[in-house]
Amino acid sequence: MTMIPVNVPKRDQSARMENWSRAFYRFRQSWLSVFGLAIVLLLILLAIFAPVIIPYPEHVLGTTNTAARFLPPSSAAWFGTNALGQDMFSLVLAGSRVSLFSGLAVVIISILVGSFVGAVAGYFGGWIDEILMRFTDLLLTIPSLILAMAVAAALGTGVGNMIIAISITWWPAYARLVRGEVIGKKEEQFITAARALGAGWPRILGLHILPNIMSPIVVKASLDMGFAILTVASLGFVGIGVKAPTPEWGTLLSVARSSMPDYWWTALAPGFAIFLAVLAFNLLGDGLRDVLDPKARR
Amino acid sequence: MALLEITNLNLAMSSYEGETHILKGIDLKIERGEIWGMVGETGSGKSLTGLSISRLIGSPPGRYLDGSILFEGRDVLKASDKEMRKLRGRHIGMIFQDPTTNLNPVFRIGTQLVDVALHAGSTDPSILGLTASASRGQRKKAARALSIEMLDKVGIPNAAERIDDYPHQFSGGMRQRVLIAMAMIGKPDLLIADEPTTALDVSVQEQILRLIHDLVEERNIGVLLITHNLGVVAQICSHVAVMYRGRILEAGPVGDVLKRPAHAYTQALLDSIPTVHTKRGELRGVSGVMPEFDL
Amino acid sequence: MFLYVLRRLFLLIPMLLGLTVIVFAIARLLPGDPVGLAAGPNATPEIIASVAKEFGLDQPIPVQYWNYLTGLVQGDWGVSIFTRRPVFEDVMTYLPATLELVFAALLFAIVVGIPLGLLAAVYRNGPLDYITRTVALGGIAMPRFFLGLLLQLGFAVALDWLPLSGRFPLIESTPEPITGLYTIDALLVGDWYSFTIALQHLALPAFAMSLSPLATIMRMMRASTIEVLQQDFVMTERALGLSSRLILFKYVLKNAMSSTLTVIGLYVSWLLGGTVLVETVFDWPGLGLYATQAILTQDFMPVIGVTLVIATIYLLSMLVVDILYGVFNPKVRYA
Chain A
0 MTMIPVNVPK RDQSARMENW SRAFYRFRQS WLSVFGLAIV LLLILLAIFA
50 PVIIPYPEHV LGTTNTAARF LPPSSAAWFG TNALGQDMFS LVLAGSRVSL
100 FSGLAVVIIS ILVGSFVGAV AGYFGGWIDE ILMRFTDLLL TIPSLILAMA
150 VAAALGTGVG NMIIAISITW WPAYARLVRG EVIGKKEEQF ITAARALGAG
200 WPRILGLHIL PNIMSPIVVK ASLDMGFAIL TVASLGFVGI GVKAPTPEWG
250 TLLSVARSSM PDYWWTALAP GFAIFLAVLA FNLLGDGLRD VLDPKARR
Chain B
0 MALLEITNLN LAMSSYEGET HILKGIDLKI ERGEIWGMVG ETGSGKSLTG
50 LSISRLIGSP PGRYLDGSIL FEGRDVLKAS DKEMRKLRGR HIGMIFQDPT
100 TNLNPVFRIG TQLVDVALHA GSTDPSILGL TASASRGQRK KAARALSIEM
150 LDKVGIPNAA ERIDDYPHQF SGGMRQRVLI AMAMIGKPDL LIADEPTTAL
200 DVSVQEQILR LIHDLVEERN IGVLLITHNL GVVAQICSHV AVMYRGRILE
250 AGPVGDVLKR PAHAYTQALL DSIPTVHTKR GELRGVSGVM PEFDL
Chain C
0 MFLYVLRRLF LLIPMLLGLT VIVFAIARLL PGDPVGLAAG PNATPEIIAS
50 VAKEFGLDQP IPVQYWNYLT GLVQGDWGVS IFTRRPVFED VMTYLPATLE
100 LVFAALLFAI VVGIPLGLLA AVYRNGPLDY ITRTVALGGI AMPRFFLGLL
150 LQLGFAVALD WLPLSGRFPL IESTPEPITG LYTIDALLVG DWYSFTIALQ
200 HLALPAFAMS LSPLATIMRM MRASTIEVLQ QDFVMTERAL GLSSRLILFK
250 YVLKNAMSST LTVIGLYVSW LLGGTVLVET VFDWPGLGLY ATQAILTQDF
300 MPVIGVTLVI ATIYLLSMLV VDILYGVFNP KVRYA
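Going line by line, the protein sequences match chains A, B and C. Residues in the first sequence are numbered consecutively from 0, following numbering that gives the first Met the number 0. Residues in the second sequence are numbered consecutively from 0, following numbering that gives the first Met the number 0. Residues in the third sequence are numbered consecutively from 0, following numbering that gives the first Met the number 0.
Please keep in mind that the hints were generated in silico from the structure rather than gathered at the bench. Built from N, CA and C at the ideal position, the CB exists for glycine as well. Mixed in with the good hints, there may be bad ones.
Claimed, not checked - Okay, derived cross-link-like pairs now, PhoX-like style, lysine-lysine, Cα gap no bigger than 25 Å in a straight line:
| # | chain 1 | residue 1 | chain 2 | residue 2 |
| --- | --- | --- | --- | --- |
| 1 | C | Lys330 | C | Lys249 |
| 2 | C | Lys253 | B | Lys139 |
| 3 | B | Lys139 | C | Lys52 |
| 4 | B | Lys140 | C | Lys253 |
As the list claims (entries may be wrong) - Reference excerpt, derived from the structure (chain B facing chain C, CB under 8 Å, subset only):
| # | residue |
| --- | --- |
| 5 | Thr19 |
| 6 | Ile56 |
| 7 | Asp97 |
| 8 | Leu102 |
| 9 | Val115 |
| 10 | Arg135 |
| 11 | Arg161 |
| 12 | Tyr165 |
| 13 | Leu210 |
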């Protein structure tokens, strides 16, 4: 049997570019979304350049300055100092690296694991789908914070363990999302066409389906970044997860609590940092959803 | 005194593109016992005229530039919101095109009927067969009894049981009957029907039109039947007004207008109706496109 | 309708069973040495062995699971290595406090959030709408524990309007325990004094928990109300003279509830699982604190017990949500 040569034209790049630039234009229309994006970029920059920007890097490394303990906010220390005389702003700035990195790691791992499970379940259907989804649903009934705390505590302290613990509770949501999307897409004609041309399931899933379901995943991921950071901070606040002297917003807040109410300002910097981060990612995620999800209306 | 007298009605609507003068000097007089058809293409302004009578067009985006709508002598355009609410449901009943979307899906039809009856009864307790001193409980009972009676009258079998059913348990034609019952339960003097049969099939259409006709005869009400279907007009209307682009081109008794149209547009509309004898390829329409517009 | 409920109740049983398997598996598969911790740093192998035997930890895992399951049904949920009390007793002691907190938070979020969201949609782009949208954005982003701290600083310390922490002052006697929820118990016997005290203590922690669900409920209601207001039947209702108040608060409200119900359901899990954050700040003696202490000491029987209880409560509340779906959307009942 001879192969009939087929002239398949290269994918039209310009159309895709045009789509993105149109989407970006619409995104720019909402000042809240732009604000969110700006803050997110600012946070990322701060985290990356933290070593250069931190006013008192020695405090982050553990040096104390007991003479300057519990100073209220001033021009020398914008958010005051803590029990050891360390500058709160520096600590929070250093903590941004931990928080952002952890949040990102959690979201990425959850997406990878969840998408794989969801894609397999959605694509193959049948008993594979049943088993995987029953398991996923059961995991979803267990309140995520408790599960994350239990796993984190059992695995031991450290950023890595904490990330694993939280990811274990987060991937099910992505699995469900991806499964739904895959089920929606797999019945479409272009998939049947691909199968007719002999594509195997990894190719179909990876090359054809997944690129087309990116939008809801991206939206969810950006919204989740904020909540991931919040969860990391929550674990830190309760005393599970990151250990001193690594600065982390949640642990900083927990420490600040013990010097309440007299030195209440020590709670401001870490608390506000968490709030700002979550707010920014929420605004960004909302903006992306308005732009990328055709079904969403204002 | 005419039941409804519209004089020189001028309405402008604003949208993203600015303000458009939609109704340009509408004159219409409806007496009791008359069924007025209002025909025209989509966008001619017929629905807006109907909605204006009940002042259902909001102040933005609508603005009345001139004219009056006298309902039993009182100018509707100058009435307050409270006064309008007293008219609606009680003196002016209204039904719309799609029976599926015009009934609230999560409530039993009885609930919706009773609420309209109670509203009408609050301005005029005699509707419910009660006096002003009747208690809330008595009113509710009377309203429910009246609702069952109305459902029966519009031809819903087993009315006493079906009153507690949900809209999705009825067929399209039945739902329209329910809506007619709702519009008529307050014993209004004027019924405005905006394309009541467009969403129904022909056999059901016939029944609904017959129902409206019987109601008119029985209660001597006036009807404004808005439609784009000349066939419907020919079937039950006593008078007809032809609308085009916000103006009434001609109006009069239905026999006169349809048999001896004075205006070329009316003639064109009549000509565009295909008959059994129309040969393939001979369909005629009216050229041009209507301006798009929404409420 | 009744059959619908019955069917859903039956489906609960296999879910609960599966839950016990998963929770038990996770608890046992995790690294950690509760026996070593309980026995103490100077324990000899004999002591360790006897501690292990005392808590049944020397058996193979499937046997342990079976023992656990049979015990569970009979009310024996194991013993906490830390408190040395039966887990069941501990859970029953701390559960009412957590339930009270979760109920209060959810109730507040619903009672305030739904009407505000509805009105924000009606008076779209008005001042109420802007306030609602701002609160909604800020509320979701605000961490519960930080909010709790701020509330304490503001209302308890600076203004001294409300107590700083705790559930009930030690010097006073708590209401007669009927449900275990102090506010309800006080109401049931007409004890206004205790009710006021309990409410004062409940106010700040409940609010800290409620802001996030309140925000989302408002947003959801606003969005669905906007959609419902565009439906044809609203026009018919207006055309037939029904008052705006009737149309909004009876007809539109019911239609808009369904999607908000989904949101409420999701938040029950969030609330139940996250009470520890607020319990810590306010010294509220609930399951969250109990579970955390157990987690930190790698005492897994209480962790399993608490997790199962909370997951079961969550499943039951999902059932309630499903039933309410049937109430708000009659088509679902006949499916």
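Chain C contact restraint for Asp97(B) - C-beta distance below 8 Å
6 Å, holds
Go through the hint on Leu210(B) and say holds or violated, using the shortest Cβ distance to chain C against 8 Å.
18 Å, violated
Would the pair Lys139(B) and Lys52(C) pass a check requiring their Cα atoms to be no farther apart than 25 Å?
72 Å, violated
Less than 8 Å between beta-carbons is the criterion; does Arg135(B) satisfy it with respect to chain C?
14 Å, violated
Classify the hint on Leu102(B) as holds or violated, based on whether any CB of chain C lies nearer than 8 Å to its CB.
This hint holds: Leu102(B) lies near chain C, its Cβ roughly 6 Å from the closest one there, short of 8 Å.
Holds or violated: Lys330(C) with Lys249(C), Cα cutoff 25 Å?
18 Å, holds
Interface restraint verdict for Thr19(B) against chain C (beta-carbon cut-off 8 Å):
21 Å, violated
Does Tyr165(B) pass the interface check with chain C, least Cβ-Cβ distance below 8 Å?
5 Å, holds
Minimum Cβ distance from Val115(B) to chain C below 8 Å?
5 Å, holds
Hint check: is the beta carbon of Arg161(B) less than 8 Å from a beta carbon of chain C?
14 Å, violated
Does Ile56(B) hold up as a contact with chain C if the rule is Cβ-Cβ below 8 Å?
Result: violated, 11 Å to nearest chain C Cβ.
Does the alpha-carbon distance linking Lys140(B) and Lys253(C) stay inside the 25 Å limit?
Satisfied, since the Cα-Cα distance of roughly 24 Å is no more than 25 Å.
Consistency with the previously given hints fails for numbers 3, 5, 6, 10, 11, 13, ordered from lowest to highest.
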